[in-house]
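Q: The listed protein sequences derive, respectively, from chains A, B and C. For the first sequence, the numbering used here begins at 32 and goes up steadily by one. For the second sequence, the numbering used here begins at 39 and goes up steadily by one. For the third sequence, the numbering used here begins at 39 and goes up steadily by one.
It is worth saying that the hints were derived from the structure and are not from the lab. Please read all numbers here as calculations on a predicted model, not as lab measurements. Keep in mind that the hints are not guaranteed to be accurate.
Mimicking EDC-like on lysine to aspartate or glutamate, the simulated pairs with C-alpha atoms at most 20 Å apart in a straight line are [to be verified]:
1) K214/A / E136/B
2) K214/A / E80/B
3) K214/A / D202/B
4) K284/A / D202/A
5) K153/C / E75/A
6) K214/A / E142/B
7) K284/A / D254/A
8) K153/C / D121/A
9) K214/A / E58/B
10) K284/A / E261/A
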Amino acid sequence: MSVDFAGSELSGAASAPDGSDDWSVAATAEERDDALYLELDGWEGPLDLLLDLARRQKVDLRGISILELVDQYLTYIERAEALRLELAADYLVMAAWLAYLKSALLLPKEEQEDPSPEELALRLQLRLQRLGAMREAAARLMARDRLGRDVFARGAPEGLRVDRRNRWQCDWYSLVQAYGQVKARTQPVVHLVRERAVMTLDSALSRVSAMLGVNLDWMELRDFLPPHAEPQLRRSALASSFVAALELARTGKAELAQDETFGPLRLKAVRA
Amino acid sequence: MSPPDDLVRAVEATLFAAEEPMTAEAISTHLGDADVKAALAELCAHYEGRGVRLVERGRRWQFQTAPDLAHLLRRERMDVRRLSRAATEVLAIVAYHEPVSRAEIEAIRGVQTAKGTLDVLLEAGWVRVAGRREVPGRPVIYATTPDFLSHFGLASRRDLPGIDELRAAGLLDPVDDDLVAEELERGTDREPATGESADSD
Amino acid sequence: MSPPDDLVRAVEATLFAAEEPMTAEAISTHLGDADVKAALAELCAHYEGRGVRLVERGRRWQFQTAPDLAHLLRRERMDVRRLSRAATEVLAIVAYHEPVSRAEIEAIRGVQTAKGTLDVLLEAGWVRVAGRREVPGRPVIYATTPDFLSHFGLASRRDLPGIDELRAAGLLDPVDDDLVAEELERGTDREPATGESADSD
């Protein structure tokens with residue numbers, strides 16, 4: 032738990048609780064024998080114990096003496112330790128803090144650091160008030176007329192049932208259109224492959240060898256292509272003519288030369 | 039009206055909270071052997087004409103809703119919903135090809151048909167089970183109903199436009215592929231829940 | 039007394055038959071969008087002083103037995119679960135501070151809250167998860183439910199015992215030490231000697 036709070040002596044103005052404080056009066060504070068105070072299971076942590084100790088001062092929580100509270104808590108811890116009772120770490124951390132706070136409260140004011148002991152004390156007091164208020168609120172809540180304990184709903188309600196029914200809608204046009212789309216979708220599909228302008232490898236081979244036969248010098252590959260072909264045919268002719276050139280070189284009918292990478296590819300007939 | 043006395047109030051609350059009808063004796067025992075007859079009579083008279091009655095059934099007393107308001111306990115709510123694309127197609131196929139089995143519907147549509155799709159058409163009252171086809175597996179076959187004809191304003195199924203008329207109206211033109219793919223997605227069994235309700239309103 | 043009109047009777051029958059408390063809107067919807075406000079007011083007045091009451095809890099209406107008859111109706115079998123002290127405290131903190139995170143609950147109680155404690159309240163249907171707080175870590179925050187109001191007989195959270203006084207005293211402010219420091223300053227400014235008025239209202 033956090034230990035960012037502590038207490039200070041604020042009880043100088045021992046408050047006289049006014050009427051509006053009813054809720055914070057310790058309704059559950061029980062008169063208990065001191066001996067019972069060593070029942071460790073009785074408290075849910077040190078704040079709970081502090082609240083109980085504070086209520087034993089029998090004043091409004093706003094008027095409690097923090098110094099007295101600190102002393103009571105420390106006494107409690109000491110007695111528990113003397114009896115070798117197992118103490119949760121929370122309780123010891125709180126004890127250490129309260130001991131520090133007590134010394135701070137007793138020191139001259141000038142030597143105080145920030146936050147001041149008075150502020151720390153106020154925080155502790157506020158926390159106790161908050162917890163006390165919630166404990167009181169819980170008790171009042173539980174004491175209300177509760178459904179199923181003090182007041183009762185109808186034992187055997189008939190129940191309300193709403194049956195949802197659908198009214199479907201569709202019109203003539205949607206119906207006929209849907210059928211048309213089913214028919215259109217499932218019509219046999221005919222794939223047409225359009226004729227494309229290509230130069231086959233065979234025709235490229237005969238064209239390149241024929242042209243090589245009438246030329247003695249090196250010729251660039253592109254000179255073998257049909258001069259006025261449309262781009263698509265020209266690409267096809269280039270590919271076919273290239274393969275034809277490789278074929279002629281492989282069969283020893285032509286020589287191939289290329290001066291640089293991606294440079295023009297040149298062909299020359301091999302004279303036997 | 040004078041306010042009810044404590045015994046009347048106690049009997050009223052006891053019967054209200056009771057999980058089962060109670061005999062006068064049981065009420066009396068519950069309330070420390072008080073004589074509850076007069077209280078029951080007074081309550082009966084008080085609730086006469088209200089939305090709730092105190093009634094005696096086989097010597098047991100209970101509150102119940104006034105008989106004329108029984109319809110409030112069970113209400114019907116009509117939701118108007120548009121037929122989904124898939125259901126419209128199936129309905130059209132049944133109308134054009136009836137009687138037709140589910141397998142045949144699927145063959146014509148070219149996609150699987152969710153069970154819910156036919157259920158919707160049965161619920162709408164436009165399609166009925168027309169028996170079984172006498173082939174192996176004896177599949178259920180479906181046909182349209184008189185309600186179908188009247189809803190779509192048809193004198194008979196012959197009023198449905200023929201294939202030639204559909205073609206003339208441009209309804210047989212191939213549709214955009216993406217659109218078809220989308221329609222197919224919606225129509226398949228993979229999404230039976232949304233397939234039916236996706237385009238309902 | 040004039041006999042109740044049809045709408046009053048219908049609202050009466052509907053609420054008697056309902057298994058759950060109903061909002062005025064739900065009653066209205068059930069009765070074909072009738073305006074039920076006046077009918078509810080008339081029924082409230084009619085059942086005033088009877089063994090059964092019409093009450094509003096968190097904007098939902100329900101009939102229930104009159105609280106002063108509790109001693110006659112209490113059953114051997116307690117429907118109400120006994121809550122541990124920790125659970126009652128947590129419930130009160132949620133109700134008075136909602137929405138509230140677990141860390142905030144723990145800051146008020148000064149002890150860790152066992153997971154089971156909140157679970158008990160969630161299971162009872164009195165507390166619900168009300169989202170997450172948009173701060174680092176996005177902690178889950180808790181709030182009470184309409185069933186909480188029904189169970190504890192509260193028309194709304196404003197009916198929580200002493201909530202106005204607690205708020206005025208600053209005891210429902212967020213747990214924040216900087217705020218405390220501020221309060222202290224304000225307090226000491228006005229009454230520098232005592233600091234007693236830190237809980238100024």
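Q: Hint numbers the structure violates, sorted upward?
A: Failing hints, ascending: 2, 4, 9 and 10.
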